[in-house]
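Below, each chain spelled out in residue letters.
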Amino acid sequence: MYQTSDIKKGLKFKMDGAPWNVVEFQFVKPGKGTAFTRTKMKNLLTGQVVEKNFRTGETFEPVDVETRSANYMYQDADMFFFMDGETYEQFPVTEAAMGDNAKWLVDNMECNILFYEGRAITVDVPNFVELEITYCEPAVKGDTANNATKTATLATGATVQVPLFVEQNTVIKIDTRTGEYQGRVSK
Amino acid sequence: MKGRVLAADAGELTLLADGHVQRFDEVAGACRPGDLVALHLSPGGGWQVEVVFAHPTGEFPGPGSDAMSFARGRFATLRRRAELLDRTRGWFRERGFLEVETPLLVESPGTEVHLDPVPARLTPGPNAEPEPRWLITSPELHMKRLLSAGAPPIFQLARVFRDGERGGRHRPEFTMLEWYRPWAGYEALMDDCEGWIRALAGGDRLTYQGRAIDLTPPWPRVRFFDALRERADVVEPERLDPDQQLLAFVDRVERTLGVDRPEFLVEWPITMASLARPAPHDPRVAERFELFIAELELANAFGELTDAAEQRRRCLDENAERRAHGRPELPVDEAFLAALEEGMPPSAGIAVGVDRVVMLLTDAASIDEVVAF
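Residue numbers (our numbering), protein chains in the order written: chain A, 1 to 187; chain B, 1 to 373.
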């Protein structure tokens with residue numbers, strides 16, 4: 001069993017027959033009273049996000065979920081197809097399970113896919129990806145010490161903020177968790 | 001330009017210099033992340049890098065390292081924090097308050113049911129036996145002893161410690177501002193809050209986490225039970241037991257407080273009176289208020305309880321409740337009770353979480369962003 005002190009971002013537990021993932025949590029202790037953990041949690045099946053206040057001392061049931069590593073193959077209509085790197089089994093992932101991470105997907109990208117009762121329910125892409133800039137305003141040379149940025153469109157269609165001196169057609173490294181530019185990739 | 005290399009690749013350099021992250025292009029010469037370097041303008045344009053200290057591994061900064069958090073702008077916040085503390089001291093001094101310092105290491109940390117003081121051991125003299133002590137959870141008991149001794153209005157910026165309290169708005173060690181006005185009612189403290197926070201904000205508008213807050217005084221005052229009635233749809237909140245009152249408050253009221261204007265939540269149930277005196281017009285409530293701005297619980301204030309017998313009763317009740325909750329009993333502060341017995345003028349006192357005020361005024365989402373470590 002988990003305690004309220006185990007609650008952290010990414011903790012998965014079972015409640016009311018569904019798997020939940022903690023999205024955000026906050027320790028609250030108003031008016032010098034008892035402590036609560038205000039928890040924003042996502043139903044991994046429906047995507048519904050709810051907020052609940054757990055009183056210190058409440059317990060939670062662990063949930064049985066499995067993570068598998070698989071490579072992205074192709075998209076067909078609103079399904080994304082992946083292949084398990086070990087068993088070569090191919091399986092579909094719904095748009096809902098893919099979520100925002102779809103914008104970083106390139107052929108053969110290795111992703112971690114979370115399964116609940118045999119069904120793919122969420123997809124984690126690598127923390128860092130390297131993608132080519134397909135469009136941005138021309139570069140500005142020289143000392144760009146004041147952190148000014150411009151918008152660049154990447155090969156996958158995603159847009160990110162990059163420093164002014166970065167050129168079109170450059171391959172850059174991006175942190176997919178924040179969408180932040182990390183640097184140019186040397187050729 | 002001198003600083004620490006955060007990233008170096010393809011002639012592009014990211015430097016942490018003078019507390020800011022700066023990017024340079026067309027940099028000649030080799031260096032690795034973590035190196036301390038000086039950049040010199042090259043005659044032909046661009047920069048020449050000189051390595052002053054070579055980092056032992058070149059693997060820098062590690063994720064979650066101090067350098068990483070400072071690289072992300074912590075120094076700017078620390079400068080602003082220092083400024084806000086200076087202005088706070090100035091604001092209270094100009095109004096005739098005396099700044100005081102009282103012990104952090106004490107023989108009795110108070111008996112509050114839901115606060116866990118951090119224990120310590122002190123050897124009080126050469127060859128003496130070690131004795132139990134605690135770090136304070138608030139400087140209030142000593143500050144009230146000063147009032148009993150005839151102090152003028154006083155304020156203190158103190159480090160306080162609360163074991164086990166950790167979250168986006170809680171740290172077990174934090175900075176508390178407390179001020180006390182002898183011979184004054186707790187309404188005077190609400191005026192102080194309005195004046196002080198507006199002085200820090202430098203105007204009547206501020207934005208916190210994308211939300212515009214209007215600081216124009218007077219700030220609305222909402223009674224605790226009215227808030228439960230109006231915001232949590234509780235029909236007779238006075239009849240709920242204290243646990244249910246607090247749960248309804250956490251579930252449905254707290255998130256509505258101070259959303260676009262600061263709000264004072266006043267007249268708390270007498271069961272949550274803490275060290276506040278009963279309101280003269282209604283014995284079911286205490287002269288206690290809390291200040292909320294943008295949902296942040298910033299301040300807790302009392303019309304101070306000065307009745308020594310009632311104070312002793314509350315301390316004993318609190319210890320009994322601590323026992324019931326499986327928490328250790330704590331020694332009652334006899335010096336504080338003796339001061340009340342000698343007579344403490346009717347007074348009003350308030351405690352403010354300074355780190356949260358800095359969060360509000362630097363638009364920081366988490367308390368960790370407004371402290372150095």
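Just so you know, these hints were derived from the structure itself, not from any lab. Keep in mind that a hint or two might mislead.
Simulated restraints, written as ranges between beta carbons of each label pair [unchecked claim]:
no.: 1; chain 1: A; residue 1: Asp64; chain 2: B; residue 2: Pro217; range: 51 to 61 Å
no.: 2; chain 1: B; residue 1: Glu187; chain 2: A; residue 2: Arg177; range: 41 to 51 Å
no.: 3; chain 1: B; residue 1: Arg166; chain 2: A; residue 2: Arg177; range: 18 to 28 Å
Below 30 Å or equal to it, Euclidean Cα-Cα: the simulated DSS-like pairs (lysine-lysine) are [to be verified]:
no.: 4; chain 1: A; residue 1: Lys32; chain 2: A; residue 2: Lys9
no.: 5; chain 1: A; residue 1: Lys40; chain 2: A; residue 2: Lys14
no.: 6; chain 1: A; residue 1: Lys8; chain 2: A; residue 2: Lys40
no.: 7; chain 1: B; residue 1: Lys2; chain 2: A; residue 2: Lys9
no.: 8; chain 1: A; residue 1: Lys12; chain 2: A; residue 2: Lys52
no.: 9; chain 1: B; residue 1: Lys2; chain 2: A; residue 2: Lys150
Sample of chain A residues lacking proximity to chain B, with all beta carbon distances greater than 10 Å (derived) [claimed, not checked]:
no.: 10; residue: Val28
no.: 11; residue: Thr46
no.: 12; residue: Gly47
no.: 13; residue: Pro62
no.: 14; residue: Val185
Bear in mind the structure is a predicted one, so any value in this text is a computation, not a measurement. Yeah, the Cβ is synthetic: ideal placement off N, Cα and C, and Gly gets one too.
Results of checking the hints against the structure:
{"no.": "1", "hint": "A:Asp64 with B:Pro217: 51 to 61 Å", "in the structure": "holds (56 Å)"}
{"no.": "2", "hint": "B:Glu187 with A:Arg177: 41 to 51 Å", "in the structure": "holds (49 Å)"}
{"no.": "3", "hint": "B:Arg166 with A:Arg177: 18 to 28 Å", "in the structure": "holds (23 Å)"}
{"no.": "4", "hint": "A:Lys32 with A:Lys9", "in the structure": "holds (25 Å)"}
{"no.": "5", "hint": "A:Lys40 with A:Lys14", "in the structure": "holds (14 Å)"}
{"no.": "6", "hint": "A:Lys8 with A:Lys40", "in the structure": "holds (10 Å)"}
{"no.": "7", "hint": "B:Lys2 with A:Lys9", "in the structure": "violated (38 Å)"}
{"no.": "8", "hint": "A:Lys12 with A:Lys52", "in the structure": "holds (15 Å)"}
{"no.": "9", "hint": "B:Lys2 with A:Lys150", "in the structure": "holds (26 Å)"}
{"no.": "10", "hint": "Val28", "in the structure": "violated (6 Å)"}
{"no.": "11", "hint": "Thr46", "in the structure": "holds (22 Å)"}
{"no.": "12", "hint": "Gly47", "in the structure": "holds (22 Å)"}
{"no.": "13", "hint": "Pro62", "in the structure": "holds (23 Å)"}
{"no.": "14", "hint": "Val185", "in the structure": "violated (8 Å)"}
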